[in-house]
Amino acid sequence: MRLCHDGSRCWMSLLFVYPPPLGGGWVGPARRLPCSGRGRAVRGGGRSGRWARVWGGRWLGGARAGGFTSAPQHSPARLSSAQHSPARHGSAQNNPAMPPPPGQTQLPDWDGLKLRVRTLIASHRVMIFSKSYCPYCNQVKELFSSMGVEYYALELDVTADGPSIQQVLAELTNQRTVPNVFVNGKHVGGCDATYKEAATLGKKVMVLDYVVPTPLGTSWGLGGTCVNVGCIPKKLMHQAALLGQALKDSRKYGWQYEEQVKHNWEIMVEAIQNYIGSLNWGYRLSLREKSVTYLNSYGEFVEPHKIKATNRKGQVTYHTAETFVLATGERPRYLGIPGDKEYCITSDDLFSLPYCPGKTLIVGASYVALECAGFLAGLGLDVTVMVRSILLRGFDQEMAEKIGAHMETHGVTFIRKCIPTQVEKLEDGTPGRLKVTAQFTEGPETFVGEYNTVLIAIGRDACTRNIGLETIGVKINENVSAKLVRRKRQDYVDQAIELESACSNQQLIKPTHLYMNGKIPVNEEEQTNVPYVYAIGDILEGKLELTPVAIQAGKLLARRLYGGSSTKCDYINVPTTVFTPLEYGSCGLAEEKAIEKYGKQNLEVYHSLFWPLEWTVPGRDNNTCYAKIICAKHDNNRVVGFHVLGPNAGEVTQGFAAAIKCGLTKELLDETIGIHPTCAEFGTLL
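Residue numbers for the sequence shown follow the working numbering, beginning at 157 and rising by one.
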């Protein structure tokens with residue numbers, strides 16, 4: 157081909173390529189066309205020195221050594237998107253055949269075909285490569301339809317590129333016949349193999365969910381702790397407290413209001429419970445849509461593969477199953493002292509309490525204790541926290557102490573190193589009046605105080621002791637108490653023994669009762685020592701007690717059992733947030749744990765105080781928000797611990813958690829440009 161340099165009309169050879177739907181080409185004879193404004197001649201990079209043609213800005217054709225070929229009109233991603241509509245139940249999508257112009261031949265775009273096949277397989281739970289006249293194909297489609305399982309069928313005999321797709325499938329699966337079936341991305345095979353796989357997809361599922369009422373009679377609906385008496389109502393009450401603080405800040409931003417603002421507990425509780433009720437109903441509907449049998453009954457093993465289910469009316473039914481999954485969760489632990497179950501409440505009662513709790517004593521220093529103390533104080537209540545030893549055991553202690561200090565400056569009273577020994581009722585009412593007697597762990601002093609409400613938040617025990625696990629031989633960790641007490645909590649044992657001796661007339665909580673938590677040891681696939689019994693969630697020994705962890709573990713377990721997957725739940729570097737007034741987000745190791753694992757000399761800790769811009773105008777809490785990252789020096793300064801105290805800490809931590817999963821280093825943080833002005837930009841400035 158020759159190009160004229162004098163601007164006169166020139167001619168060039170052009171390979172005509174008619175792109176059909178799959179991005180391949182109909183190849184025709186070369187023709188000569190005059191140059192014009194609609195196209196230009198370009199040199200094809202890497203194309204053996206030959207020339208190619210760009211027409212209207214699109215790459216149409218090219219040449220390689222040994223002959224001409226075609227290039228796709230669309231990119232693979234665009235091609236897949238353009239040609240595949242969402243699957244419908246029992247539907248088959250056919251590409252209209254585009255006949256080649258007379259005298260021209262189709263060259264398949266093999267890369268495009270392979271991409272399309274993989275996309276179809278990955279995009280549909282059940283993918284059937286079929287032929288419309290094949291009786292075996294029709295049998296397979298009728299099978300999935302009868303089970304109510306959605307499938308996607310591509311009829312190869314009425315698709316223009318059907319033979320080419322079948323050749324791609326043969327290379328991929330070594331199967332040259334139809335139907336060629338994939339389930340959850342896994343190749344199943346033909347008709348006979350599909351029937352076997354469909355049997356597992358059609359597994360019958362039953363859910364037993366029963367809430368044993370609290371000593372005060374509180375119970376709730378479907379959804380577990382998080383939805384009913386945990387994360388959801390806790391976060392909403394935390395938000396109510398934050399709105400109160402925002403009202404105070406608003407005056408500095410120019411908002412003027414004369415009316416005295418006060419909080420109405422009953423209105424808040426009603427709104428929160430209405431929302432929770434909608435979630436309960438949604439879960440019921442979801443189970444029904446998935447054809448899952450739901451029983452509001454208490455389950456108990458009576459023999460291998462058999463359980464007894466008892467409903468609220470005492471009616472008993474018996475059920476058998478091939479596989480069992482335990483997800484019974486935990487319930488709050490009581491003190492074991494006179495008056496605790498008679499007069500005290502726990503977080504199981506608080507979120508639906510029909511009256512304002514008034515002056516409140518919270519016993520415990522767990523995240524539940526501090527979160528409840530924080531939002532109750534934020535709503536304007538008089539709140540005291542009684543702490544046996546340290547705040548937020550298991551969390552970074554520097555961060556924990558900063559949380560405590562901040563809460564104290566905002567009106568929460570802390571009584572340290574003190575254990576209640578008795579609760580007495582002085583007066584009935586809503587709320588009533590209670591007398592609390594307690595003993596300090598250092599010295600002979602006794603504490604006595606009066607409160608309207610006493611909330612116990614000293615920890616939780618797994619609901620595993622009364623469901624017949626011993627009948628079928630499932631091991632639960634009843635001996636963990638002695639090990640934990642000896643290894644980590646000897647200080648409490650010594651104190652409790654001294655107190656028991658000094659106050660022999662009082663019934664004190666026993667350390668062995670405290671830590672006999674009933675957790676279930678499992679392997680890395682959440683399987684117990686009994687092969688047909690699995691467990692997930694808070695009842696697992698040594699795993700994180702977080703709702704998203706349980707959800708993830710449950711999904712992956714189901715996929716392994718019935719979907720052909722091998723993916724296991726990753727319990728490492730899981731982010732979490734404590735919703736105290738100054739929120740605390742963390743991911744990875746606490747500083748104490750990092751020192752224990754790596755050695756102090758092998759760590760570098762970067763930290764800084766920061767002041768959110770939103771807090772500067774009202775002039776509050778300067779030098780209070782704090783962040784630090786802990787880096788392993790001998791591992792390229794990889795971030796092994798991330799901790800932040802400040803507003804919206806959960807939102808900030810979630811993003812950093814993904815980076816930590818990917819091996820975040822201090823150098824990468826330094827190279828990251830922050831978003832200004834935000835709290836999250838501290839990570840780029842440490």
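Rather than coming from a laboratory, the hints here were simulated on the basis of the structure.
A couple of the hints might just be wrong.
Under the rule of at most 16 Å between Cα atoms (straight-line distance), these lysine to aspartate or glutamate pairs were calculated in the EDC-like manner [what the hints assert, rightly or not]:
{"#": "1", "residue 1": "Lys817", "residue 2": "Glu837"}
{"#": "2", "residue 1": "Lys784", "residue 2": "Glu823"}
{"#": "3", "residue 1": "Lys711", "residue 2": "Glu697"}
{"#": "4", "residue 1": "Lys581", "residue 2": "Glu498"}
{"#": "5", "residue 1": "Lys817", "residue 2": "Asp726"}
{"#": "6", "residue 1": "Lys359", "residue 2": "Glu445"}
{"#": "7", "residue 1": "Lys789", "residue 2": "Glu823"}
{"#": "8", "residue 1": "Lys469", "residue 2": "Asp496"}
{"#": "9", "residue 1": "Lys822", "residue 2": "Asp726"}
{"#": "10", "residue 1": "Lys784", "residue 2": "Asp726"}
{"#": "11", "residue 1": "Lys391", "residue 2": "Glu807"}
{"#": "12", "residue 1": "Lys360", "residue 2": "Glu478"}
{"#": "13", "residue 1": "Lys391", "residue 2": "Asp405"}
{"#": "14", "residue 1": "Lys515", "residue 2": "Glu478"}
{"#": "15", "residue 1": "Lys749", "residue 2": "Glu554"}
{"#": "16", "residue 1": "Lys711", "residue 2": "Glu681"}
{"#": "17", "residue 1": "Lys573", "residue 2": "Asp538"}
{"#": "18", "residue 1": "Lys359", "residue 2": "Glu327"}
{"#": "19", "residue 1": "Lys404", "residue 2": "Glu415"}
{"#": "20", "residue 1": "Lys724", "residue 2": "Glu760"}
{"#": "21", "residue 1": "Lys573", "residue 2": "Asp584"}
{"#": "22", "residue 1": "Lys749", "residue 2": "Glu760"}
{"#": "23", "residue 1": "Lys462", "residue 2": "Glu445"}
{"#": "24", "residue 1": "Lys581", "residue 2": "Asp496"}
{"#": "25", "residue 1": "Lys469", "residue 2": "Glu598"}
{"#": "26", "residue 1": "Lys591", "residue 2": "Glu606"}
{"#": "27", "residue 1": "Lys446", "residue 2": "Glu306"}
{"#": "28", "residue 1": "Lys515", "residue 2": "Asp584"}
{"#": "29", "residue 1": "Lys497", "residue 2": "Glu554"}
{"#": "30", "residue 1": "Lys360", "residue 2": "Glu445"}
{"#": "31", "residue 1": "Lys573", "residue 2": "Glu557"}
Source: prediction; values computed, not measured.
Each hint, compared with the structure:
Distance restraint check for Lys817 and Glu837: the Cα-Cα separation of roughly 19 Å exceeds the 16 Å cut-off, and the hinted pair is therefore not satisfied. Distance hint between Lys784 and Glu823 is fulfilled; the C-alpha atoms sit about 15 Å from each other, no more than 16 Å. Taking the CA atoms of Lys711 and Glu697, the gap is near 19 Å; set against the 16 Å cutoff, the hint is violated. Annotation: proposed proximity of Lys581 to Glu498 holds, straight-line Cα distance about 9 Å (limit 16 Å).
Only pairs whose Cα atoms come within 16 Å are accepted, and Lys817 paired with Asp726 is accepted, the gap being roughly 10 Å. The suggested pairing of Lys359 with Glu445 holds, with an alpha-carbon distance near 15 Å, which does not exceed 16 Å. Taking the CA atoms of Lys789 and Glu823, the gap is about 12 Å. The hint holds against a cut of 16 Å. For the hint pairing Lys469 with Asp496, the CA-to-CA distance comes to about 28 Å; that exceeds 16 Å, so the pair is violated.
Among the hinted pairs, Lys822 with Asp726 is inconsistent with the structure: their alpha-carbon atoms are about 23 Å apart, more than 16 Å. Annotation: proposed proximity of Lys784 to Asp726 is violated, straight-line Cα distance about 24 Å (limit 16 Å). Between the alpha carbons of Lys391 and Glu807 the distance comes to roughly 13 Å, so the proposed pair stays at or under 16 Å and holds. For the given pair, Lys360 sits about 10 Å from Glu478 by alpha-carbon distance, which is consistent with the 16 Å threshold.
Among the hinted pairs, Lys391 with Asp405 is inconsistent with the structure: their alpha-carbon atoms are about 21 Å apart, more than 16 Å. Between Lys515 and Glu478 the CA atoms are separated by roughly 52 Å; this puts the pair beyond 16 Å, and the hint is violated. Restraint check: the Cα-Cα separation between Lys749 and Glu554 comes to about 12 Å, which is no more than 16 Å; the hinted pair holds. For a cut-off of 16 Å, the pair hint linking Lys711 to Glu681 stands: about 12 Å separates their Cα positions.
Restraint check: the Cα-Cα separation between Lys573 and Asp538 comes to about 20 Å, which exceeds 16 Å; the hinted pair is violated. Using a Cα cut-off of 16 Å, the hinted pair Lys359 and Glu327 is violated, with the two alpha carbons roughly 32 Å apart. A C-alpha spacing of about 13 Å is found between Lys404 and Glu415, which places the hinted pair at or below 16 Å, so the restraint holds. Between Lys724 and Glu760, the direct Cα distance comes to roughly 32 Å. Violation of the 16 Å bound is thereby established for this hinted pair.
Simply put, Lys573 and Asp584 have alpha-carbon atoms about 30 Å apart, too far for the 16 Å limit, and the pair is violated. With a C-alpha separation of about 14 Å, the suggested pairing of Lys749 with Glu760 holds against the 16 Å cut-off. This hinted pair does not check out: Lys462 and Glu445 have alpha carbons roughly 26 Å apart, beyond 16 Å. Restraint check: the Cα-Cα separation between Lys581 and Asp496 comes to about 11 Å, which is no more than 16 Å; the hinted pair holds.
Note on Lys469 and Glu598: the hinted pairing is violated, with a Cα-Cα distance of about 50 Å set against a maximum of 16 Å. Restraint check: the Cα-Cα separation between Lys591 and Glu606 comes to about 5 Å, which is no more than 16 Å; the hinted pair holds. In summary, the hint linking Lys446 to Glu306 is supported, as the alpha carbons are separated by about 12 Å, within the 16 Å threshold. Between Lys515 and Asp584 the CA atoms are separated by roughly 15 Å; this keeps the pair inside 16 Å, and the hint holds.
Under the criterion of a C-alpha separation no larger than 16 Å, the hint pairing Lys497 with Glu554 is inconsistent with the structure, at around 34 Å. Under the criterion of a C-alpha separation no larger than 16 Å, the hint pairing Lys360 with Glu445 is consistent with the structure, at around 13 Å. About 15 Å separates the Cα atoms of Lys573 and Glu557, which keeps this hinted pair within 16 Å; it holds.
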